[in-house]
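Student: Given chain A, work out where chain B should sit, using these hints.
So the sequences go chain by chain: A and B. Using the working numbering, the first residue of the first sequence is number 163, and each one after it goes up by one. Using the working numbering, the first residue of the second sequence is number 5, and each one after it goes up by one.
Read the hints as simulated data drawn from the structure, not as lab findings. Where is the CB? At the ideal position from N, CA and C, for every residue including glycine. Among the hints, erroneous ones may be present.
[What the hints assert, rightly or not] With the C-beta cut set under 10 Å, the calculated list includes, among others, these residues of chain A facing chain B:
no.: 1; residue: E208
no.: 2; residue: Q209
no.: 3; residue: V247
no.: 4; residue: G318
no.: 5; residue: D438
Now for the letters of each chain:
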Amino acid sequence: MIRFLLGRAVLLVLGLGVASLLIFLALRVLPGDVAQVIGGTTATPEQVARIRESLGLNESPAAQYIAWVAGLLRGDLGTSLLTGVPIGDDLARRFEITLPLTLLALVIALAVALPLGTYSALRHDRPIGVAVGFGSQTLAAVPALWAGLLLILLFGRGVGLIGLLPTSGFPRSGWQDPLTALASLLLPALTIGLIEGAVLLRFVRSAALEALDQDYVRAGAARGLTRPQALARHGLPNVGLSIVSVSGLILAGLITGAVLIEALFNLPGVGRMLVDDVGSRDIAKVQSEVFFLTGIVLVIGALIDVAHRLIDPRQRERAVAA
Amino acid sequence: MTTDPAPTSGTEESLEQLGAANARTRKRRNIAIGVVAGLVVVGGAGAATAFAVNQPAPTPESEVTFAVQLLPDNLDIRTTTGAALDQLLIDNVYEGLVSRDASGTISPSLAKEWQVSDDGLTYTFTLNEGTTFSNGDALTSADVVWSLEDLIDNERADAKTLSSVESVRSDGDETVVVELKAPDPTLLYNLAGRAGLVLDQDAENDPQTSAVGSGPFLVEEFNAGDSVVLTRNADYWGEKAKIGTAVFQLFADNNAILNALNEGAVQFGAVDKNLQAQIADNDAFTLEEGFASDKYTLAFNNKAAPFTDVRVRQAVRAAIDHDAIVEALGGGNTLYGPIVASDPGYEDLSDVAPYDPDEAKALLAEAGYADGLSVTVTIPAFYASTGFGPILDLITSQLADVGITLNANQVEFPAWLNDVYTNHDYQLSIVDHAEARDFANWANPDYYFGYDNAQVQALWQQATTASDETVYAEKLSEAARIVSEDAAADWLVNPTTLVAVDKRLTGVSVDSTSSRLNVTAAAFDE
Numbered sequence: 163m164i165r166f167l168l169g170r171a172v173l174l175v176l177g178l179g180v181a182s183l184l185i186f187l188a189l190r191v192l193p194g195d196v197a198q199v200i201g202g203t204t205a206t207p208e209q210v211a212r213i214r215e216s217l218g219l220n221e222s223p224a225a226q227y228i229a230w231v232a233g234l235l236r237g238d239l240g241t242s243l244l245t246g247v248p249i250g251d252d253l254a255r256r257f258e259i260t261l262p263l264t265l266l267a268l269v270i271a272l273a274v275a276l277p278l279g280t281y282s283a284l285r286h287d288r289p290i291g292v293a294v295g296f297g298s299q300t301l302a303a304v305p306a307l308w309a310g311l312l313l314i315l316l317f318g319r320g321v322g323l324i325g326l327l328p329t330s331g332f333p334r335s336g337w338q339d340p341l342t343a344l345a346s347l348l349l350p351a352l353t354i355g356l357i358e359g360a361v362l363l364r365f366v367r368s369a370a371l372e373a374l375d376q377d378y379v380r381a382g383a384a385r386g387l388t389r390p391q392a393l394a395r396h397g398l399p400n401v402g403l404s405i406v407s408v409s410g411l412i413l414a415g416l417i418t419g420a421v422l423i424e425a426l427f428n429l430p431g432v433g434r435m436l437v438d439d440v441g442s443r444d445i446a447k448v449q450s451e452v453f454f455l456t457g458i459v460l461v462i463g464a465l466i467d468v469a470h471r472l473i474d475p476r477q478r479e480r481a482v483a484a
Numbered sequence: 005m006t007t008d009p010a011p012t013s014g015t016e017e018s019l020e021q022l023g024a025a026n027a028r029t030r031k032r033r034n035i036a037i038g039v040v041a042g043l044v045v046v047g048g049a050g051a052a053t054a055f056a057v058n059q060p061a062p063t064p065e066s067e068v069t070f071a072v073q074l075l076p077d078n079l080d081i082r083t084t085t086g087a088a089l090d091q092l093l094i095d096n097v098y099e100g101l102v103s104r105d106a107s108g109t110i111s112p113s114l115a116k117e118w119q120v121s122d123d124g125l126t127y128t129f130t131l132n133e134g135t136t137f138s139n140g141d142a143l144t145s146a147d148v149v150w151s152l153e154d155l156i157d158n159e160r161a162d163a164k165t166l167s168s169v170e171s172v173r174s175d176g177d178e179t180v181v182v183e184l185k186a187p188d189p190t191l192l193y194n195l196a197g198r199a200g201l202v203l204d205q206d207a208e209n210d211p212q213t214s215a216v217g218s219g220p221f222l223v224e225e226f227n228a229g230d231s232v233v234l235t236r237n238a239d240y241w242g243e244k245a246k247i248g249t250a251v252f253q254l255f256a257d258n259n260a261i262l263n264a265l266n267e268g269a270v271q272f273g274a275v276d277k278n279l280q281a282q283i284a285d286n287d288a289f290t291l292e293e294g295f296a297s298d299k300y301t302l303a304f305n306n307k308a309a310p311f312t313d314v315r316v317r318q319a320v321r322a323a324i325d326h327d328a329i330v331e332a333l334g335g336g337n338t339l340y341g342p343i344v345a346s347d348p349g350y351e352d353l354s355d356v357a358p359y360d361p362d363e364a365k366a367l368l369a370e371a372g373y374a375d376g377l378s379v380t381v382t383i384p385a386f387y388a389s390t391g392f393g394p395i396l397d398l399i400t401s402q403l404a405d406v407g408i409t410l411n412a413n414q415v416e417f418p419a420w421l422n423d424v425y426t427n428h429d430y431q432l433s434i435v436d437h438a439e440a441r442d443f444a445n446w447a448n449p450d451y452y453f454g455y456d457n458a459q460v461q462a463l464w465q466q467a468t469t470a471s472d473e474t475v476y477a478e479k480l481s482e483a484a485r486i487v488s489e490d491a492a493a494d495w496l497v498n499p500t501t502l503v504a505v506d507k508r509l510t511g512v513s514v515d516s517t518s519s520r521l522n523v524t525a526a527a528f529d530e
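Isolated chain A (complex conformation):
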């Protein structure tokens, strides 16, 4: 197990290294530069050149890359060219919103997908099961923007039929008033949570259907368990692993994909920051942000692997046999 963990850690570090290089190179092909954005439409070419110089944009790409990675190794994400604010501070401020938002969305997705997915598998040949299956397929296809608008019309304070929840922004005081902060995240989390939940539901449903067909579930049933009991006792633990994997992937996707929803609900989260920074060619900032997000995805992947090994004895045995 220790060897496995070490191997996985080395793989993770390698992955991060490759990612840093790819990100650095990829961002260099974007046309336009931040000095021009700062100078705007009134700056003379000389003024733009002076801005470039002062920002260190004239240094060689190799030197820029080395300086960046050296900073990363020290835990320093750098400073925004445009705002002069340390990137780490900005990321932390934005993650205070995006992380709870995505976790809440994931919890909602699981709350929808697990019970309903299992239920619709058990009832797959009944109208109710078919209806759930069809409904989830429809919901999974709904554009997030439209779903968000719909939820606002239903529950938005000042707008909605049941004016309950705030639809705009995040309290400036952050989590000092946890209820207000949580309330401002509920509608956006519901929007993505329900849609991702529908996607996950379909996964759970087919996994449960498959499990119902397995010999060990039938054997359980033959021993006198009801079908749901057999599914719960023998089937779900076996498909549970892949549900954990899918949930991990969904979480990673949610964090990087919160862009649209953050714009609609005017939440100053990570997604919106990334869009803004790409738009203004604050490359130093974008590369650190993308690297950070990539790191999260890679770490989640590694954690899923480790979780698999811990949960499933067969994987350990297989590794030993190999």
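Tutor: Frame of chain A; chain B shown alone:
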């Protein structure tokens, strides 16, 4: 994938029984997670409900939130360009010798009065006494001299608007004398803008993230990409601000502004005209139409084929139905020349380029494009999601009617800056030229329009060195007619803005809010 229904009673069991059965099993992780998740959601919703019920009035008496669609990336008004800095900081945080309102009327600010010599070459400003910066430093004529000299000598943002200035000197603590190379009827107007701001030469703050100004507000919080919070400057030398806090809240999405207004989270904000029905019934707001100096410009590259040919340029103009654009936008003013009605030198030039598709076809045929013409318009992508979306569709179909195929090339703004603005590598572009009094661009052959007309340049020269405003306006109007007759560009529309204002809020102008949002006189009646 099919499953034989097992011969058990399972299909009759309900979900609750499933849960109960699971509770007895040791391996119940997944369902348990589901239940916990459900509880969290229900709990959260419950908390939100409680919160909604107990919420106090939406805004404390002293705090007003203004919705803005642009925020500066940093606060460095000396280096960073863009109207967002002017909108936020001028008059509110930084002050100049003089100020101006949305219609361009000049008023005293740091200078309580000024005299102009008979030859128009010497301006003598008398400063108010006892003015201080927010760090406690006294504001003297030395600060004024330093600010103007630093701007001009180091070519700071907007420095060229003071190019007529020969020298600036102080004459005692309260007097500043500005000498000009030639008379400049635009001097006071420009001094009332960014170029004339007076900064503290001894300030030691980081100008990117903080501001030391002499204005009625202090920058309390700067959250890049989200909001800027201004608080009342309790030690302000002049009449103090009435509201305690002004929040400039950024909105990237038109729907989000509407939601925030309806929710009561915002008291002032521009509303997309096509969405106005969503707030028209809200009794808490009045909808007011404000003028703006924006000129949605269809720029022709006058130095690139086929727009080197005046007949092609005229054909494009004749093919566009400007009234239809105004209608599609839900309001606004038609514009047939480079100067808007609120600026000096405006003249109705609708006779120069009336809508006439037949004339457009004839002109095209004459220019050798009887079989049609295909051109590309390079447009910053974010415009397409704002008011430009419908305009682009409209002119595409209007041009198609006369045989011109318009291909839209949407690019990100930095790419636009690079390709179109700097390298002049384009045929057509659509850009909002938002600045007031920006005729200088037509007298500058190196500007991206590539418009080079000696007569216009001479008239501009005469206008900007005229000894009085009347001559200035006359010369400008003469030049503007030539620019329009040359079809140097097409001016699609001068949009108006629709602003939703909380009924309790007074003292904020709805005109030109995107270039200047002075909240000094804002007051909130409960």
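Student: For every hint, state whether the structure bears it out.
Tutor: Here's how the hints hold up against the structure:
{"no.": "1", "hint": "E208", "verdict": "holds (7 Å)"}
{"no.": "2", "hint": "Q209", "verdict": "holds (6 Å)"}
{"no.": "3", "hint": "V247", "verdict": "holds (6 Å)"}
{"no.": "4", "hint": "G318", "verdict": "holds (6 Å)"}
{"no.": "5", "hint": "D438", "verdict": "holds (5 Å)"}
Figure legend: structure checked against the earlier numbered hints; every hint is met.
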